[in-house]
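Asker: Those protein sequences? They're chains A and B, same order as listed.
So for the first sequence, this note's numbering puts the first residue at 1; every next one is plus one.
So for the second sequence, this note's numbering puts the first residue at 1; every next one is plus one.
One thing to keep in mind: the hints can contain errors.
It does not matter which identical chain is meant; a pair holds if it fits inside one copy or across any two.
To be verified - List of simulated lysine to aspartate or glutamate pairs, EDC-like, C-alpha gap at most 20 Å:
(1) Lys39 to Asp295
(2) Lys165 to Asp323
(3) Lys97 to Asp323
(4) Lys129 to Glu38
(5) Lys217 to Glu253
Because the hints were derived from the structure by calculation, they are not lab data.
2 protein chains.
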Amino acid sequence: MKNSLFIQACRCEKVSRPPVWMMRQAGRYLPQYRKIREKTDFLTLCKTPELAAEVTLQPVDILGVDAAVIFSDILLLLEALGLPLKFESGGGPKLDKVFYLGETVRSLHPLDCSKLGFVYDAIKIVNRKLEGQQVPVIGFAGAPLTLAVYMIEGETSRDFHRARKFLMRETSSFEKLLQKLAKAVAEHLIEQVRAGAGAVQIFDTWGGLLSRDLYKKIVLPSLRQVIDPIKTLGVPVILYVNGSAQHLETMKESGADVLSVDWRLSLADVRKRIGYGHAIQGNLDPTYLYQHPSDIEKSTAEMLYMHPEPGLIANLGHGILPDTPVENARAFISTVKNWKC
Amino acid sequence: MKNSLFIQACRCEKVSRPPVWMMRQAGRYLPQYRKIREKTDFLTLCKTPELAAEVTLQPVDILGVDAAVIFSDILLLLEALGLPLKFESGGGPKLDKVFYLGETVRSLHPLDCSKLGFVYDAIKIVNRKLEGQQVPVIGFAGAPLTLAVYMIEGETSRDFHRARKFLMRETSSFEKLLQKLAKAVAEHLIEQVRAGAGAVQIFDTWGGLLSRDLYKKIVLPSLRQVIDPIKTLGVPVILYVNGSAQHLETMKESGADVLSVDWRLSLADVRKRIGYGHAIQGNLDPTYLYQHPSDIEKSTAEMLYMHPEPGLIANLGHGILPDTPVENARAFISTVKNWKC
Chain A
1 MKNSLFIQAC RCEKVSRPPV WMMRQAGRYL PQYRKIREKT DFLTLCKTPE
51 LAAEVTLQPV DILGVDAAVI FSDILLLLEA LGLPLKFESG GGPKLDKVFY
101 LGETVRSLHP LDCSKLGFVY DAIKIVNRKL EGQQVPVIGF AGAPLTLAVY
151 MIEGETSRDF HRARKFLMRE TSSFEKLLQK LAKAVAEHLI EQVRAGAGAV
201 QIFDTWGGLL SRDLYKKIVL PSLRQVIDPI KTLGVPVILY VNGSAQHLET
251 MKESGADVLS VDWRLSLADV RKRIGYGHAI QGNLDPTYLY QHPSDIEKST
301 AEMLYMHPEP GLIANLGHGI LPDTPVENAR AFISTVKNWK C
Chain B
1 MKNSLFIQAC RCEKVSRPPV WMMRQAGRYL PQYRKIREKT DFLTLCKTPE
51 LAAEVTLQPV DILGVDAAVI FSDILLLLEA LGLPLKFESG GGPKLDKVFY
101 LGETVRSLHP LDCSKLGFVY DAIKIVNRKL EGQQVPVIGF AGAPLTLAVY
151 MIEGETSRDF HRARKFLMRE TSSFEKLLQK LAKAVAEHLI EQVRAGAGAV
201 QIFDTWGGLL SRDLYKKIVL PSLRQVIDPI KTLGVPVILY VNGSAQHLET
251 MKESGADVLS VDWRLSLADV RKRIGYGHAI QGNLDPTYLY QHPSDIEKST
301 AEMLYMHPEP GLIANLGHGI LPDTPVENAR AFISTVKNWK C
């Protein structure tokens, strides 16, 4: 597995072509996924290892992606920390809003990993089914900031003013919350590696809301706290920040091996800013997959042209959108797979 | 008025201190504004020149800001173009969603400026009341992209996938829509200048969703189409883009005199990237006004230290938040007013 295209690219080794996968590649745009969801609600799917493994493998079988990101949800970690989580049909996930931050932080349990056993079991099943193929499993978790923001707001929001108010008014409680979450995130990722994940990705979906300076001061320590202990395990750590334009240099300082960037900057600009020590993952605008397949091929080729050096993992700049036609995803994947470095 | 601190700073002339105002400074955080809203709904307030003028002047009287941005809403232009607009209490503004973009674009009326007479009348009243004071009135409009996105989505959204799908699939209709809107925006801004606005600001609230390259290719021409005709009138044009981190160079190319940037980058970084030909407006994180006033003074001073050169208009990086205490806004304003360049 260490010789898979994906792991080699994470290590910036020279490869015949960039590996490719898509964030949210196990998901609603696939009819085979929707068929399973007709009979199974989202949470049950996450918590049933056989089913989670099955949908994790769908994009490998159907599209031939080079890595299998485990099917799960970042909020399950919060549930395992004792916060009740509801998925309402139609809307997104909901938690109880936080009213007293200090109290909430004090009462937060340490993580009991056995509550997330279904994730590790799913990874084991996927690994077993992928035996002999050079397709690693990617484990993942939300970044402490993104989890903290969800926890405080109770649901998704546009500007997350509630969470940002706490960050301003109760900075020390907020930092304690990030620390506690970082500890849990690290443990959860380590367990995923122990179960067989060949790489892990940290998703900081809401990092782009904070300024460069504030992120560096408040958020970077929590990212280091997650990444440091994982690095000793010898698997690549990927850090995705949505809104990476102002955070590239900070992402580099986090210790992550691979910087996963959103669609807002060109790969050439990203490489210019971060130099040559890290692999880059990204970054086709997911809305580009709404184009005609021949235009998707063109956009994908333009993206690949921008990064001729080793150390590129082709991906989207954010999760694939649920109403993307499968043939359009296929146009993206096959353009990369036919690329010659 | 040409010698006001504000206009001088727009022209990058040397001034004794940076001028200061706040986006959304006429708004809900002021008890005097809320008192008027108790008796008058939002749309009636916008459309009654005496009342709009009254709330426009409130922050000048209460906080001593250096410019009076006219109280209005960017969506009123769409209403004047024949699109029915509803403000539901509790929620935000709503328009009918667009289902057939080509048809919608073809059927869009040219702007009849007389339908926005209340804006121009309000500007005239404000100007009369400010006579003798060095406080210019700022007129404003939404950028063509932001208006197009609202128009297509019908309401605010998190990722605006609907609008971005049209942009990808019906690019030429989308560009035609931007052109039509740009024409209307230019006309509306010119009328505001004729009524006495000493400067105008274009708000591109959703520009940050697009990549640098796509914005430059699709959106920049529409910004130029708005800005070119106004420049002949001799008033400064300010361009605000929320998500300016990837767009600074494009903003510069738009022809705007003042680049109004969000809170995500430091003013020092912004100045370094854009050089010395343009004034900068910005960019304190509005959530920083949740801090204790003494910390607000510190944050404001840190921001001002970063930009010791002429050509700075102190402002927030986004609109002031409705639950900001007035004394906190005052701490921001007075720190700037007591600053010595």
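Asker: At most 20 Å between C-alpha atoms: does Lys217 with Glu253 qualify within a copy, between copies, both, or neither?
Answerer: within (12 Å within a copy, 33 Å between copies)
Asker: Using 20 Å as the alpha-carbon threshold, which applies to Lys165 and Asp323: within, between, both, or neither?
Answerer: Between. Shortest inter-copy distance 10 Å satisfies the 20 Å Cα cut-off; intra-copy 35 Å does not.
Asker: At most 20 Å between alpha carbons: which applies to Lys129 and Glu38, within, between, both or neither?
Answerer: neither (24 Å within a copy, 65 Å between copies)
Asker: Can you tell me if Lys39 and Asp295 fall within 20 Å by alpha carbon in one copy, between copies, both or neither?
Answerer: neither (36 Å within a copy, 54 Å between copies)
Asker: Please sort Lys97 with Asp323 into within, between, both or neither, judging by C-alpha distance up to 20 Å.
Answerer: between (30 Å within a copy, 18 Å between copies)
When held up to the earlier numbered hints, the structure conflicts with 1, 4 and fits the remainder.
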